[in-house]
Amino acid sequence: MWGAGVSIAKTHAKPEPYLLAGEFWQGVRDSLPVALSVVPFGLTCGVMGLTVGLTFLETVSMSVLVFAGAAQFISMTMLGAGITAFSLIVLTTLLINLRHLLMGASLAPYMARLPMPLQAVLAFGLVDETYALIMNRILVKEYSPGYQMGCNVNFYLVWVASTAAGVFLGGYIPDPLAWGLDFALPALLMALLIPRLADRPSYFACVVSALVAVLGALYLPGKWYIIIACLAASAVGGFMEGECGSAR
Amino acid sequence: MRGEIFLIIAGMAIATYFTRFACLVLFRAGGVPGWLERWLKHVPTAILTSLIVPALLLPRGALDLSLSNNYLLAGCVAAVTAYKTRNVIATMVLGLIVMLALCWISR
Numbered sequence: 089m090w091g092a093g094v095s096i097a098k099t100h101a102k103p104e105p106y107l108l109a110g111e112f113w114q115g116v117r118d119s120l121p122v123a124l125s126v127v128p129f130g131l132t133c134g135v136m137g138l139t140v141g142l143t144f145l146e147t148v149s150m151s152v153l154v155f156a157g158a159a160q161f162i163s164m165t166m167l168g169a170g171i172t173a174f175s176l177i178v179l180t181t182l183l184i185n186l187r188h189l190l191m192g193a194s195l196a197p198y199m200a201r202l203p204m205p206l207q208a209v210l211a212f213g214l215v216d217e218t219y220a221l222i223m224n225r226i227l228v229k230e231y232s233p234g235y236q237m238g239c240n241v242n243f244y245l246v247w248v249a250s251t252a253a254g255v256f257l258g259g260y261i262p263d264p265l266a267w268g269l270d271f272a273l274p275a276l277l278m279a280l281l282i283p284r285l286a287d288r289p290s291y292f293a294c295v296v297s298a299l300v301a302v303l304g305a306l307y308l309p310g311k312w313y314i315i316i317a318c319l320a321a322s323a324v325g326g327f328m329e330g331e332c333g334s335a336r
Numbered sequence: 051m052r053g054e055i056f057l058i059i060a061g062m063a064i065a066t067y068f069t070r071f072a073c074l075v076l077f078r079a080g081g082v083p084g085w086l087e088r089w090l091k092h093v094p095t096a097i098l099t100s101l102i103v104p105a106l107l108l109p110r111g112a113l114d115l116s117l118s119n120n121y122l123l124a125g126c127v128a129a130v131t132a133y134k135t136r137n138v139i140a141t142m143v144l145g146l147i148v149m150l151a152l153c154w155i156s157r
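Protein chains in written order, with my numbering: chain R, 89 to 336; chain B, 51 to 157.
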């Protein structure tokens, strides 16, 4: 595949630098197709920011500082619905991103030997896609911080640039809401949800979440139904997961 | 930039970074306990569902299960497209086309 630059890394003997340029560019090249597939999300993110009444600076700085697609979409949906409670948005962000804990935990054994500042920088770029890429790299070869950095930088730049482009393009669509363009978000989330429904625990988590969310949306104030549905459904999914595990 | 919005963005940034870095510090040697791993596994499914379903069934804040609910109809098309193609762009484009068509018809 991209084998050309690999042998260079081997020639460096013992005081091995952590970030090899060859490994970095390998990461950039390998992550390019996946990074490009994220462009529509970034564009949507920019358009959404505009739709819910955020300024260019606010929308782009969210992509620069937070760099988490799902959390950004969801917080903008909440802001659009008039929810500006700091604690509610930050708590929801925390819940949405809890999966990073798991990704971080599985990378911890590989990253433990790196200096702490480098670990801290690499952690910022830990998103679903870069995680998938670095785990694949570990599977086929070995862990490489340079490779991980290449994936991270590539993804980050594409995400921020496509968000900015989305804000500019969004300005040319007259009143997006009147055309039902707010449907873009449920459609986008649907495309992320469906592939997750692969076994019994995930079906049950989905059904429980749907029921609790609808009941909560009808009878609870604000958007607390999101957190309550999430806690209830993931607990049910986790419980069933445990049942299946002990049966085997 | 409004101060209130900036505070929210900063809070989100800190919360997100915490989730990315905490486990590198915490689980350097041991690994995640099994019960927590099972629980965390279904968080994305749960949260995605809790966002999609009310958006489709209660687009105006009240339960609407009628055929005049464009969000519900377009949502069904998006679900089938996502299932058949497993493609994000196809799901969004087809869903939005159906949504725009329904909005145009029901004007």
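If you're looking for bench data, these hints aren't it; they were derived computationally from the structure.
A virtual CB, placed ideally from N, CA and C, is assigned to each residue, including glycine.
Hints may be right or wrong, so weigh each one.
Claimed, not checked - Ranges of calculated distance between the beta carbons of each label pair, as one might list FRET restraints: (1) B:Ala140 / R:Ala286: 30 to 40 angstroms; (2) B:Leu57 / R:Trp312: 18 to 28 angstroms; (3) R:Leu257 / B:Cys153: 19 to 29 angstroms; (4) R:Trp113 / B:Leu150: 21 to 31 angstroms; (5) R:Leu257 / B:Ala140: 14 to 24 angstroms; (6) R:Tyr231 / B:Leu150: 39 to 49 angstroms; (7) B:Val75 / R:Pro283: 24 to 34 angstroms; (8) R:Gly259 / B:Glu87: 43 to 53 angstroms.
Verification of the hints:
| no. | hint | verdict |
| --- | --- | --- |
| 1 | B:Ala140 / R:Ala286: 30 to 40 angstroms | violated (20 angstroms) |
| 2 | B:Leu57 / R:Trp312: 18 to 28 angstroms | holds (21 angstroms) |
| 3 | R:Leu257 / B:Cys153: 19 to 29 angstroms | holds (20 angstroms) |
| 4 | R:Trp113 / B:Leu150: 21 to 31 angstroms | violated (42 angstroms) |
| 5 | R:Leu257 / B:Ala140: 14 to 24 angstroms | holds (20 angstroms) |
| 6 | R:Tyr231 / B:Leu150: 39 to 49 angstroms | holds (47 angstroms) |
| 7 | B:Val75 / R:Pro283: 24 to 34 angstroms | holds (31 angstroms) |
| 8 | R:Gly259 / B:Glu87: 43 to 53 angstroms | holds (44 angstroms) |
Hints 1, 4 from the list above are not met by this structure, while the remaining hints are.
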